[in-house]
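Engineer: Sequence:
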Amino acid sequence: MKKRGILNAQLIGLIAALGHKDTFMVGDAGMPIPAGVTVVDLALCGGVPTFRQVMDAVLDETEIEAYTIAEEIDEKNPELLAYIREKLPTAEEEKIAHTELKKRSASCRFAVRTGEFTPYPNIILRAGVAFPA
Numbered sequence: 576m577k578k579r580g581i582l583n584a585q586l587i588g589l590i591a592a593l594g595h596k597d598t599f600m601v602g603d604a605g606m607p608i609p610a611g612v613t614v615v616d617l618a619l620c621g622g623v624p625t626f627r628q629v630m631d632a633v634l635d636e637t638e639i640e641a642y643t644i645a646e647e648i649d650e651k652n653p654e655l656l657a658y659i660r661e662k663l664p665t666a667e668e669e670k671i672a673h674t675e676l677k678k679r680s681a682s683c684r685f686a687v688r689t690g691e692f693t694p695y696p697n698i699i700l701r702a703g704v705a706f707p708a
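Residue numbering for the sequence shown follows my numbering, starting at 576 and increasing by one per position.
Certain hints may be false.
In silico lysine to aspartate or glutamate, EDC-like type, Cα no more than 16 Å apart, as pairs [unchecked claim]:
id	residue 1	residue 2
1	LYS677	ASP603
2	LYS662	GLU640
3	LYS651	ASP603
4	LYS596	GLU669
5	LYS662	ASP635
6	LYS577	ASP635
7	LYS662	GLU638
8	LYS677	GLU636
9	LYS596	GLU647
10	LYS596	GLU667
11	LYS670	GLU638
12	LYS596	ASP649
13	LYS662	GLU636
14	LYS670	GLU646
15	LYS578	ASP635
16	LYS578	GLU636
17	LYS670	ASP649
18	LYS596	GLU638
19	LYS670	GLU636
20	LYS670	ASP631
21	LYS662	ASP631
22	LYS677	ASP635
23	LYS678	GLU646
24	LYS577	GLU636
Quick list of the computed label-pair ranges, beta carbon to beta carbon [stated by the list, open to error]:
id	residue 1	residue 2	range
25	GLU650	ALA591	19 to 29 Å
26	THR625	ARG684	37 to 47 Å
27	GLU646	MET576	18 to 28 Å
28	ASP597	GLU668	26 to 36 Å
29	GLY605	PRO707	37 to 47 Å
30	ALA681	LYS578	17 to 27 Å
31	GLY580	TYR658	17 to 27 Å
32	ALA681	LYS651	28 to 38 Å
33	THR674	PHE706	29 to 39 Å
34	LYS662	PHE692	28 to 38 Å
35	MET576	ASP649	25 to 35 Å
36	GLU647	SER682	19 to 29 Å
37	PHE706	LYS651	35 to 45 Å
Please keep in mind that the hints were generated in silico from the structure rather than gathered at the bench.
Quick reminder that beta carbons are idealized off the backbone N, C-alpha and C, glycines included.
Model the full structure from these sequences, guided by the hints.
Structural biologist: Here it is, written out as structure tokens:
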């Protein structure tokens, strides 16, 4: 039995299968996930688990080289933007309109739904490599 890190079998299996440049999303409870994208639904109830809890667990298991977020986060959720930048200080940041982020999510390998209920806590992460280039 696995005793630390991500225990959700579906999520850890999807993370383990990521290759360099593959993308996946971590989103809030209401983020519409396009048909055909595998969903790992972790939402239990409003606020559980939080976006930060899920991101902390995911970032402990993955190497991320870039991320895409909604440009609306600047005004609507600056605290979460600061958290993202703190957690991914060397990753390339891209901001696009939230409507475009929704469209781009269709090309993600999978999406993780959290119980988050705050504005714009949706991020597309691009896998890096865990060894020196």
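Engineer: Evaluate each hint against the coordinates.
Structural biologist: Comparing the hints with the structure gives:
Note on LYS677 and ASP603: the hinted pairing holds, with a Cα-Cα distance of about 12 Å set against a maximum of 16 Å. As the CA atoms of LYS662 and GLU640 are separated by approximately 12 Å, the hinted pair is consistent with the 16 Å bound. Among the hinted pairs, LYS651 with ASP603 is consistent with the structure: their alpha-carbon atoms are about 14 Å apart, no more than 16 Å. Of the supplied pair hints, the one linking LYS596 and GLU669 holds, its CA atoms being roughly 15 Å apart against a limit of 16 Å.
Taking the CA atoms of LYS662 and ASP635, the gap is near 10 Å; set against the 16 Å cutoff, the hint holds. Straight-line distance between C-alpha atoms of LYS577 and ASP635 comes to about 15 Å, which keeps the hinted pair within the 16 Å bound. A distance of roughly 12 Å separates the Cα atoms of LYS662 and GLU638; the hinted pair therefore holds under the 16 Å criterion. This hinted pair does not check out: LYS677 and GLU636 have alpha carbons roughly 25 Å apart, beyond 16 Å.
For the suggested pair LYS596 and GLU647, the alpha carbons sit about 25 Å apart, so the restraint of at most 16 Å is broken. Proximity of LYS596 to GLU667 is assessed by CA-CA distance (about 12 Å); at most 16 Å being required, the pair is judged to hold. Among the hinted pairs, LYS670 with GLU638 is inconsistent with the structure: their alpha-carbon atoms are about 20 Å apart, more than 16 Å. Only pairs whose Cα atoms come within 16 Å are accepted, and LYS596 paired with ASP649 is rejected, the gap being roughly 26 Å.
Taking the CA atoms of LYS662 and GLU636, the gap is near 13 Å; set against the 16 Å cutoff, the hint holds. In summary, the hint linking LYS670 to GLU646 is supported, as the alpha carbons are separated by about 5 Å, within the 16 Å threshold. The hinted pair formed by LYS578 and ASP635 meets the criterion: a straight-line CA distance of about 14 Å does not exceed 16 Å. Restraint check for LYS578 and GLU636: satisfied, since their Cα atoms lie roughly 14 Å apart, inside the 16 Å limit.
Under the criterion of a C-alpha separation no larger than 16 Å, the hint pairing LYS670 with ASP649 is consistent with the structure, at around 10 Å. Restraint check: the Cα-Cα separation between LYS596 and GLU638 comes to about 10 Å, which is no more than 16 Å; the hinted pair holds. Restraint check for LYS670 and GLU636: the C-alpha separation of about 24 Å exceeds 16 Å, so the hint is violated. A hinted pair counts as satisfied when its Cα atoms are at most 16 Å apart, and LYS670 with ASP631 does not qualify at roughly 21 Å.
Distance check on the hinted pair: LYS662 and ASP631 sit about 8 Å apart at the alpha-carbon level, within 16 Å; holds. Restraint check for LYS677 and ASP635: the C-alpha separation of about 25 Å exceeds 16 Å, so the hint is violated. This hinted pair checks out: LYS678 and GLU646 have alpha carbons roughly 14 Å apart, not beyond 16 Å. At roughly 14 Å between alpha-carbon atoms, LYS577 and GLU636 fall within 16 Å of each other, so this suggested pair holds.
Take GLU650 and ALA591: their Cβ atoms lie about 37 Å apart, and the range 19 to 29 Å is violated. Checked against the given bound of 37 to 47 Å, the beta carbons of THR625 and ARG684, roughly 23 Å apart, lie outside it. For GLU646 and MET576, the hinted distance range of 18 to 28 Å is not satisfied, since their beta carbons lie about 43 Å from each other. Between ASP597 and GLU668 the Cβ separation comes to about 18 Å, which falls outside the hinted range of 26 to 36 Å.
In this structure the hint that GLY605 and PRO707 lie 37 to 47 Å apart at CB holds, the actual value being about 40 Å. Distance hint for ALA681 and LYS578: a CB-CB separation of about 36 Å, inconsistent with the stated range 17 to 27 Å. GLY580 and TYR658 have their C-beta atoms about 20 Å apart, which keeps the hinted 17 to 27 Å range intact. Taking the beta carbon of each, ALA681 and LYS651 are about 23 Å apart, not inside 28 to 38 Å as hinted.
Checking the proposed 29 to 39 Å range against THR674 and PHE706 shows it holds: the Cβ atoms sit about 37 Å from each other. A hinted range of 28 to 38 Å for the beta carbons of LYS662 and PHE692 is inconsistent with their spacing of about 20 Å. Taken as a hint, the range 25 to 35 Å is violated for the pair MET576 and ASP649, whose Cβ atoms sit roughly 43 Å apart. At roughly 21 Å, the beta carbons of GLU647 and SER682 sit within the given window of 19 to 29 Å.
Here the CB-CB span from PHE706 to LYS651 is close to 37 Å, well matched to the stated 35 to 45 Å.
Checked against the numbered hints above, the structure violates hints 8, 9, 11, 12, 19, 20, 22, 25, 26, 27, 28, 30, 32, 34, 35; every other hint is satisfied.
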